[in-house]
Amino acid sequence: MDQSAIRNFCIIAHIDHGKSTLADRILENTGTVSEREMTNQVLDNMDLERERGITIKLKSVRLEYTSREGAKYLFNLIDTPGHVDFSYEVSRSLAACEGALLVVDATQGIEAQTLATAYMAMEHDLTLIPVINKIDLPSADPDRVKQEIEDILGLDASEALLVSAKTGQGVIEVLEAIANRIPPPTGDPASQLRALIFDSHYDSYRGAIAYVRVVDGVLTKGMRIRMMATGKEFEVTELGVFRPFMDHVDSLKTGEVGFVVASMRDVKDCLVGDTITDAQSPAPEPLPGYRRVKPMVYCGLYPSENNDYGELRAALEKLQLNDSALAFEPETSAALGYGFRCGFLGLLHMEVVQERLEREYDLDIVTTAPNVTYQVVTADGQEIEVDNPAKWPESVKVLSVREPFVRVSVVAPKDYVGAVMDVFTEKRGVYREMNFISPERAIIVYDTPLSEILVDFFDMVKSRTRGYASIDYEFDSYRESDLVKLEILINGRPVDALSVIVHRDKAQAMGRGLVSRLRKIIPRQMFDVPIQAAIGSRVIARETIKAKRKDVLAKCYGGDVTRKRKLLERQKEGKKRMKQLGNVEVPQDAFMAVLRVDGDE
Amino acid sequence: MTSVDRLEPCGLYIHIPFCLRKCSYCDFVSYRISSYDTARYCSAVVREMQLVLGSSRRISVADDGLLSQASIEGLRPTTVYIGGGTPTVLPVEQLGALITSIWRVVVPHQDYSECDIEFTVEANPETLSEEYLSELRRLGVNRLSIGLQSTMDKYLSMLGRPHSFDEFVKSYRLAVQSGFHNISVDLIYGLPGQTLEEWREDLSRVVELTPSHISCYALTLSDGTALSEEVRSFRLPEPQEDLVADMYHDTVSVLTESGYCHYEISNFAAPGMECKHNMNYWLNGYYVGLGVAAHAHLRGVRYANTAEVERYINRVEAGIFMPEHVEAVSPARELSDSFILGLRTARGVNLKELAERFGEAPVAELAGRLERFVDIGLVESSEGQIRLTEQGMILSNEIMAEVL
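For the record, the sequence lines run as chains A and B. To get the working numbering, take the position in the first sequence, counting from 1, and add 1. To get the working numbering, take the position in the second sequence, counting from 1, and add 552.
Next comes chain B alone, as it looks inside the complex (with noise of 0.2 Å):
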């Protein structure tokens, strides 16, 4: 038996591929729940878990060897986000069983309220009934993400959201009052057509309702959804970078005038509310995935499950854990997402504990890349720790590029 303190703490994600519909900008893996049996699914989900952190933890060696047992051996989940798609848009009980599942695993000889494990459960408002809310709650989930997007019903519409603000509020409300104190809510800013003013107003009024987490996020008009046709094809206007950057700005500057802090390019928490799964993947951390289109970072590889719910459900049913996309992490390879990851949050990099794990000279290196941005205002340096400004964040892809 492994002891305790020798026990690595990993994040735990668990993917509900289903939605009531696609909204026009997503290019995510989720699917129109209809379709599926759903039960199915959280059961094959169930399954992988126990094989890959269950008691019998029994993960088939891939052809290249890549992925073995000891990629397993010794992690323990600090963190569980269940995530989509949209998590509860499945039945409450099938949702509460899978919740239940996971606790069984994650703290088997314990108590679940007496942990201290960040449980997160994405959702979207139209479907967060009292007894759904209610249920979550006492099923031991302790952060709720909320994806609100748009606090104008013409965004809301635009964006093929099945929900308009009013609803969302109501949500909202409804679970503040079922005890959760731990909420984020999602926007999106730069859409077609959306003023400064108007995404002022979105923040403003988000604000108000002192969630305890927000993130924000640039749109991303991905190939192949229905918004980027639309703007393709100039039926909607396409945005505007300088208005975009100008928004980014705004963002940071009202969010942290309100008391958050900007601890993420999109990312704002009031203090110590930071969340703590998201954290651990911009440290390069370890976690496990589980579900469809699931990614994984364990010693030494990464690998992501197969998007097709069939295929996904029929491989687990028989016994077997064989993700579809392995590769193999190089130490080199490590300190390169290090610093991309890294450079993500607010406190960037410290060049001394990457220096302690991959060697003073490669970090040197990639640390000697950045210097340029130094000049130009896009990076900061001080003693040792290496942090991307206000600025240099919403400039990133530029300056991450480069240290590839």
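Looking at chain A on its own, in the form it has when it is part of the complex (with noise of 0.2 Å):
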């Protein structure tokens, strides 16, 4: 089909705004598939996104559609994650675009990460169409939601097209204003190959899959290709599309969108955002905007039974495979024993990864508190990184210090304004702006540290808005900081793995919260435990774990001597499950106890 013809296209919506529904209903609409084959659903095929009802990977799909005025169409429906951590995929989708569908629940307004993704998507040209979702329910406002999108995201919202995916009413309209309003691709088909990748997949027969947007020139079968950033070649075995079942092609042309099968040990080999050239005829310049995604967040990883290192270390292998923003190198910690300290992009990839550890791969694991990164200046003028608090220099050597700071955007109505500024001050927030979207709600903007927003942010915000806000945040910059390492001490001895990097205005209130909370954690023990909390040699927080006074079995019925040993042994085995420091025996929980201290308690 003609380039002209040709629209690429993505959707850009708040988690439960209707995205998978329109989606759904645009399959059908265009014949792509029938509702038998119509799983609730199409796109999202992870279990864990259903539960989450979050998009993790993104796919493609090609859609034919004849128009009202009998031209026809070859639409491309590409996905985007859906989550603040994916920031940089979101980005090299929409890249991948021309245009983009604005879905707007019409009872809620629009939301802190569609106002991201929308201004990400404004940033890379795309033509925007607003789609009023919901407009079925008897609450919906759709003028209302009309205004909120002409006064904060500066769109012609008279076109607006309203629509309930779920009756399946404006549906046509959508297609007819993808094939009207959005341009076709501009891409010169006879200059050198240029695709974009802009997502990738790790098949265990195929390897690495890449999924490309062919901006220049043409993608043929056979071809042996360039990737632009890393230098690697490979020879394309496969090439196809999604209709949404894998379909096999000769080649894709200038415009088109599909993927890529060529041999590639991992996601490494076609990392997302890199730029597929012909290697006999490359490309002078790559596609910009490809950058090394780096982690953001990072923690510890062990198995709960020491001989489950080498699994664990199989499994972390094997989910990098398909995940390249998954690093991980090896960590010994006096207190847990050897494990791994991983990166992650965010909380999110964090919980996903540690999800998938336990659920397909079986692993019983322990996880450290997560962190950033910080940027540490010493006294003798050397900058270092540290990404674990282990590996925090003394305190006197440090100099400076440097920890990285998010744009966090919240939407809230109005009357809890207040509300989210109390949660941004007790999180070390700067403030930045705040706007009315609408008479009735706000955006409020703050500079906060990463490592604040880790722990409980999320939680508070909700909580403290009874759910009605929304969050997203952006990396901003390293700033100075005045932080500090905070010891625990169990029984005299210092917990590696419980260490903390805080500021030093809140050192006090979370070695108070760490230490009440950890003497509620560890059971008493057959000797007084003193736990205690400390910068450098200076204790600012202190409690003692009483020695147990009773533990019997006051009677031994009639010579029933198995049913003693039975519990005994269930005693026994509780105790294999601790992790030993020294003389006390420590629950794996105590180690996320630090997720749970609010700096009050």
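To be clear, the hints were calculated from the coordinates, so they are not data collected in a lab. Check each hint, because a few of them may be wrong.
To be verified - Cβ-to-Cβ under 8 Å is the rule here; a few derived chain B residues that face chain A:
#, residue
1, Tyr769
2, Ala770
3, Thr772
4, Asp794
5, Ala797
6, Ser818
7, Glu876
8, Glu879
9, Leu893
10, Met945
11, Ile946
12, Asn949
Beta carbons: idealized from backbone N, C-alpha and C, even for Gly.
Dock chain to chain to rebuild the complex, using the hints, since each chain is given by itself in its own frame.
Below is the structure:
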């Protein structure tokens, strides 16, 4: 089909605003899938995604559409991830499109994530088509939502489409708008090949599969290709598109979207954002926008049972085949034994990896509290990156410290503005701006240390706004902060896996909170166990777990020794699951205690 | 014929699984007496006794071959303990007949009044009439273990006991008058809401009666019992660990000051009046168990009968002796059992004795695991004898889990 008939687009929407349902309706209305094939929400196919209602992996679908005027079109619907951790991936998906449907719930209005993605789409010069969804609901207020779209995004909302993806109302108008309003791709078919990798996926039979948008030139089967960022070369063995099921083609032309198989070992061979070119006749310049993804959040992952170390490594290696953003290296903790320091894009990414390790690989793991990467300037003028509190230099050697700040936007009803600002104040936020999206709702923007939002920021905002707020954040800059290492000593011994980096002003409260939390988590031992929080050699909080006083089976009924043994065996089993720190048995929960400490507990 | 001096002493336990009603804390095998044919049960017990201990000892070899004729050869009961349940809820003729049958098997060629076999019957106050007591005495029962549990009626009713403290005192005095000189009284402490003062009062009221033996058990809240349900749903307060520990230490000091020996975690006796039957358990000796849910320990094997009365009766009546839970006891397991049980007693375990039976190395290995408890004052060790201290006894699970 002619390049001028191609429309590449994606759907921007907040969770639960109906992205998947609208995608399903589009697939149905273009005859791409029959209703029989329509499992609920075809595009989300990982269990985890379904349970969490978020899309982690993106894919593309090719659709054929004949307009009311009888013109034939080729649509490529490119799915985008819906979480801030994956904003780089989102930007690459947007770069593969000329337009986007901006879906907003007619009862809820614009949310923070929608805003962030919509702004990003505007930066990429995408044509945005506002779609107001769920107009069948009694509480729908499309006029208010239109006003929000105009006020905050500056879009002309008079042409916003009123849709109910659930009932199918207005879906044809959406398809017409895609055909008529979104421009065709502009690439040069005669130029050297440049194809943008906007996603990848590991398949155990084919190796890594790259999802690409051909920007210039033609990609053909059998071609020797080069990845312009890494310089790696491969031979294309398969090319294809999804409709939505895999369909092989011999070439992908300028403007087309599809997948490439080329004996690539893992997803590091086809990094998202990289440009594929023809190795015989390479393009002079790669496409703009590629960057190496760097982990933002780190934590230690340890097997509960020390002899599962090998299994944990094998599982992480397998996950890495499909996840180029996951980083890990071996680490040893005096408290937890052998494990790995793992780097993630963000909190959700971390949770997803932990959950997959436990669910898909059936591993029992202990996770230490997450931390960010700090830039420390030492007294001798060296600058080091610290991604693990255990590697923090002695306090006398620290000259200055910088930590990553993120720009956080919260959209909330006006009555909760004060509550949201209070949370930011507690989290060392620096005020940027506040604007009203509508008379009822405001967007509040603060610059906040990433480390402060790792722990309970989301829960705090949600609970103090009764769930009415939405949150988005993006990396801003490294800034100087007065940070110290807070150490926890159990029975006089520092426990590496429990140390945290905190702001000096919060160290006292944090130390007290942690110590009191640990006193509750660690069971009484056979002797008094002091728990201390210290900065350097200065103890700032202390509590004592009093010695256990009673643990006895008072009666041995009628010679039933077996029952007594079973009881003792269960007790011994329970002890085995604890980590032995010197003479003290510590349950694995303790290592996550930091996550649940509210500074002012 | 095995010659008398080669006979090995053992205990004989008989379980009577019936009560007037179930107490709120009880998770042992006991059933409401009104729904059962107790006469038939007693006959079954006698039949089982004949199969296991009678002149024509006949044990069906278990499928796995663990339990065999050899397991019981040469054993001679030297203590008898009828426990429950409440054995004394049985009509006196039924219990009497059972006792007579037991004597016939235990001392076939001798007058039981001339032997020194300890013969205990467990009893609850509400069942002990003057007639009942004098009949038991006449039949050669020489030790009574009476369940009192508390001297305060509010706790007796919390525990679901069908008697008052006054009724207990009355039956206790009747028992003494009937000629019982060896009477044990059971008490429970650490009850929901119970104060330290109330428990001291319990102790002093019982000491005043000067029984020869007192058992004081810390309450165990077992899952599924009415009492634990009450606590779990916050209708009753949960007993606090520190308070219960204080009660334990008070018990030890009050009773030892009153002349009792603290000879096992929960047991106190006037000098020489320790319960021989129970001591045999703690010395990891052999014993035979008869009746539902009764446990036995024989050479190289432990087994238990079914807990179901119907099933038990039907099997025994069919002439089959086949316990439900049979497990082999390896020497290593015997050794750790000897530690677990022996450490319950004030005497503790004697390493030399154990080494003779199990070898030096494994005994030294287990003893070594206990060393760290010596430093923190829970275990004492001197001249090859290892024992728990007063503090160690109430933390005994922690210590015993080490020797598994």
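Hint by hint, here is what the structure shows:
1. Tyr769: holds (4 Å)
2. Ala770: holds (4 Å)
3. Thr772: Hint on B/Thr772: holds, closest Cβ of chain A at ~6 Å, below 8 Å.
4. Asp794: holds (6 Å)
5. Ala797: Since chain A brings a Cβ to about 4 Å from B/Ala797, closer than 8 Å, the hint holds.
6. Ser818: Holds, about 5 Å.
7. Glu876: violated (12 Å)
8. Glu879: Constraint on B/Glu879 satisfied, holds at 7 Å.
9. Leu893: holds (7 Å)
10. Met945: With Cβ-Cβ at 7 Å, under 8 Å, it holds.
11. Ile946: holds (5 Å)
12. Asn949: holds (4 Å)
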